[in-house]
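**Student:** Every letter in the sequence shown is one number past the one before it in this note's numbering, and letter 50, counting from 1, is 64.
Heads up, none of these hints are tricks.
Between beta-carbon pairs, the in silico distance windows are:
1. Pro46 x His122: 33 to 41 Å
2. Pro46 x Arg119: 29 to 37 Å
3. Asp44 x Arg119: 29 to 37 Å
4. Ser113 x Gly40: 19 to 27 Å
Hints were generated in silico from the structure; no laboratory data involved. Virtual Cβ for every residue (Gly too), placed ideally from N, Cα, C.
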Amino acid sequence: MHAELQLPASIESGRLARAFTAEWMGQRADSPETIQVACLVVSELVSSAVTNGAQSASLRLTDHGDSVRIEVEDGDSPKLDRQTEAKNLALRIVQQLSSDRGTRRTEHGQTNWADVSLR
Numbered sequence: 015m016h017a018e019l020q021l022p023a024s025i026e027s028g029r030l031a032r033a034f035t036a037e038w039m040g041q042r043a044d045s046p047e048t049i050q051v052a053c054l055v056v057s058e059l060v061s062s063a064v065t066n067g068a069q070s071a072s073l074r075l076t077d078h079g080d081s082v083r084i085e086v087e088d089g090d091s092p093k094l095d096r097q098t099e100a101k102n103l104a105l106r107i108v109q110q111l112s113s114d115r116g117t118r119r120t121e122h123g124q125t126n127w128a129d130v131s132l133r
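Starting from the given sequences, assemble the full structure and let the hints guide the process.
**Tutor:** What follows is the structure, given as structure tokens:
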């Protein structure tokens, strides 16, 4: 099962993404801490997309039974190849909180993803 949310390229994206994630995770997670971790990962990935100039972003949450995959695609980001200090810090935070993470190019930009344990 998965859920998707299209996000505006604005400062409000983080708040919208966290609220969406908290609601969706509330039906799946064993503890409030797990929900908080997922929301922090979402916040960092969405902030990274918006900070790097994405014209749009989408959040996708996929339930894999014992984990949830969090994916944020930043469509048509003009700064796609530019590694900023803030983006590097965000990805280090995501790395610490997730069991796995990565980045893949897409037709319209790139997708940063992370797996968060549900247990």
